[in-house]
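So the protein sequences, as listed, match chains A and B.
Heads up: the first sequence begins at 1 in the numbering used here, then just goes up one per residue.
Heads up: the second sequence begins at 441 in the numbering used here, then just goes up one per residue.
Be aware that a few hints might be false.
Claimed, not checked - Partial chain A-side listing against chain B, Cβ under 8 Å, derived:
hint: 1; residue: Ile185
hint: 2; residue: Asn189
hint: 3; residue: Tyr191
hint: 4; residue: Ala192
hint: 5; residue: Ala207
hint: 6; residue: Leu211
hint: 7; residue: Leu213
hint: 8; residue: Pro343
hint: 9; residue: Ala347
hint: 10; residue: Val351
hint: 11; residue: Tyr353
hint: 12; residue: Gln354
hint: 13; residue: Gly360
hint: 14; residue: Phe362
hint: 15; residue: Thr364
What the hints assert, rightly or not - Stretch-level coverage of chain B by chain A, calculated; a stretch enters the list once three of its residues show a Cβ under 8 Å from a Cβ in chain A:
hint: 16; segment: 469-476
hint: 17; segment: 484-495
Honestly, the hints are just simulated from the structure, not real lab data.
Bear in mind the structure is a predicted one, so any value in this text is a computation, not a measurement.
Even glycine gets a Cβ: it sits at the ideal position worked out from N, Cα and C.
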Amino acid sequence: MDLQQLIVDDPAAGLFRVHRSAMTSPEILALERERIFDRCWLYVGHASEIPNAGDFRRRSIAGWPIIFVRGSDGEVRALFNTCTHRGARICRQDEGNAKTFQCFYHAWTFDTCGRLIGLPGEDAYGSGWDRSERALRAAPRLDSYRGFYFVSFSPDGEDLATYLDGAKEYLDLVVDQAEAGMRLIPGENKYAIRANWKLLSENSFDAYHVLSLHQTYYAFLASLGVDVTGARGWTAAEAQAYDLGHGHAVTDTPARMPRPVALWHPCFGEEARGEIDRLRARLVARHGEERAYRMAETVRNLFIYPNLFLIDGPAVTLRVYWPTAPDGMEVHAWALGPAEEEPALLANRLVAYQLFLGPGGFGTPDDVEVLEACQEGFAARTVEWSDVSRGMQRDGPRLFTDELHLRAFWREWHAHVQGRRHGDHREGRKQPPRPASTLV
Amino acid sequence: MATNVPDGHAAPTISREEVEDFLYAEAALLDAWRLDEWLTLFTEDARYVVPSPDLPHADPATSLSLIDDDIVRLRGRVARLNSRHAYREFPWSRTRRLVSNVRITGTDGEDVCVSAAFLVYRIRNGQADPFMGQYSYRLTRVDGALKIRLRRADLDLDVLAPHGTVSIIL
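Produce the entire structure from the sequences given, and follow the hints as far as they go.
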């Protein structure tokens, strides 16, 4: 297989296409595991999930069994959930608070920092056996950015802050909406899609499909009095997409929808108006008018390469996924909200989330259906290419319905599967914001 | 058993047989995709809830659910499923619902509380995906007919795999 041939990227002709074997080949999936999922920084959990010493969440991260735990020393760790003795998964609950983790096979007992603190019959082990060498192994690297924890299964590589690149600015726009910090709201959407994982990297911010695939959602919003006409005919000056470097990308558009922080709409009810206006005013006080506008009155689908989305629309969705097979993926999604949010606005946030997103919404089921339909279509192997060329020769900024952001993902992916460090991210690269002092 | 009866209201009189007949008739409407008729079974203040699989029995006001419909959203859901553009369900899947273990668990004012076990198969493209769990209903009598004030489907599934979605009415 010639990996270089998997993508045709021809700016001079305005053509970008992806060979469909990228979505069907077991060999390519094996390369992705080795060169992407075993190397990149991968989202593992949020600080709000484990606030106290001993709090833990059992996770599977791209297939790696992990205990995401705050140890008795207060430090957050990502421990491999495998006994160092014979391999059994020692943590067998999804979440909780523990003083120790005891393997149920031979009763080896570890503390929440991973140390082996007890085992039956230790006197049977010889002089070369060292208890300290049998501590639970931790993922080689763990780091966090503003409450979002990431692991890397590679001991070396760029630090997280460098890796996140231009995505940090967009993470800040979400985190700074809260005064007492963002938290993951209880309740997890956990589902499978019978399609290649990369199709969700495209779909989760593919704005081109929204009005066709999701017309039933917009019809319902229109029946509630939400103005949905604005989504048509937007110019690139209003509704943009950016390459954020390192494979990350974002769509960044004006909000034409209710936002709990903080854009009032009649569907919130008149009684919520005061609170939402108050939240908006406090955003301005904390961050200034320009930044408050971006936080309150724009919608951003942020992609953090290779498998994380933070979708800040009528609610904030955190979505992570990974391959289980060339034609299968597992998806986990949560709602994020300000820790201090008033009950009525929290309830409204949850309704807004569920209305579109999630396996029971008016939108996501049709996304799942179309990704599975694409995967089925790939069986026609002589139709070799998928097209991702929209807007490639547009002058100036790219429109959010252009496919610049999808290409940003594919360019990084193509470099990685070939064993190169980075793709070419010159098309539509978002420049870092100027410091406030230089603004006129 | 809750037996608080407000002044002027009689405690509801209802037999398990009547409840079972109601639930079986409801299941038949859903399996036949007669959704507009199904909608007429609900009160104006009705709620239809499917919690996230990891938190069955959770409060939809404070936890992320799969579905938390008031009557407006429920009508929107039916309008969507009746259109040709709810692509996950166009053409409609076949479904087969088995409702069992029906119990009257209590009364609350004019409402009677019911629990039942369900097994709903969704059959499509050679695949039969089973959804199993527990129904909780609050039923009330309006002009002699039973109506649904609350319909909750708590899934026993802990992950929607391979189902992917809850695109049918559970």
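Against the structure, the hints:
{"no.": "1", "hint": "Ile185", "in the structure": "holds, 5 Å"}
{"no.": "2", "hint": "Asn189", "in the structure": "holds, 6 Å"}
{"no.": "3", "hint": "Tyr191", "in the structure": "holds, 4 Å"}
{"no.": "4", "hint": "Ala192", "in the structure": "holds, 4 Å"}
{"no.": "5", "hint": "Ala207", "in the structure": "violated, 18 Å"}
{"no.": "6", "hint": "Leu211", "in the structure": "violated, 11 Å"}
{"no.": "7", "hint": "Leu213", "in the structure": "holds, 7 Å"}
{"no.": "8", "hint": "Pro343", "in the structure": "holds, 7 Å"}
{"no.": "9", "hint": "Ala347", "in the structure": "holds, 4 Å"}
{"no.": "10", "hint": "Val351", "in the structure": "holds, 6 Å"}
{"no.": "11", "hint": "Tyr353", "in the structure": "holds, 7 Å"}
{"no.": "12", "hint": "Gln354", "in the structure": "holds, 6 Å"}
{"no.": "13", "hint": "Gly360", "in the structure": "holds, 4 Å"}
{"no.": "14", "hint": "Phe362", "in the structure": "holds, 6 Å"}
{"no.": "15", "hint": "Thr364", "in the structure": "holds, 7 Å"}
{"no.": "16", "hint": "469-476", "in the structure": "violated (count 0)"}
{"no.": "17", "hint": "484-495", "in the structure": "holds (count 6)"}
Comparing the model with each numbered hint stated earlier shows that hints 5, 6, 16 do not hold.
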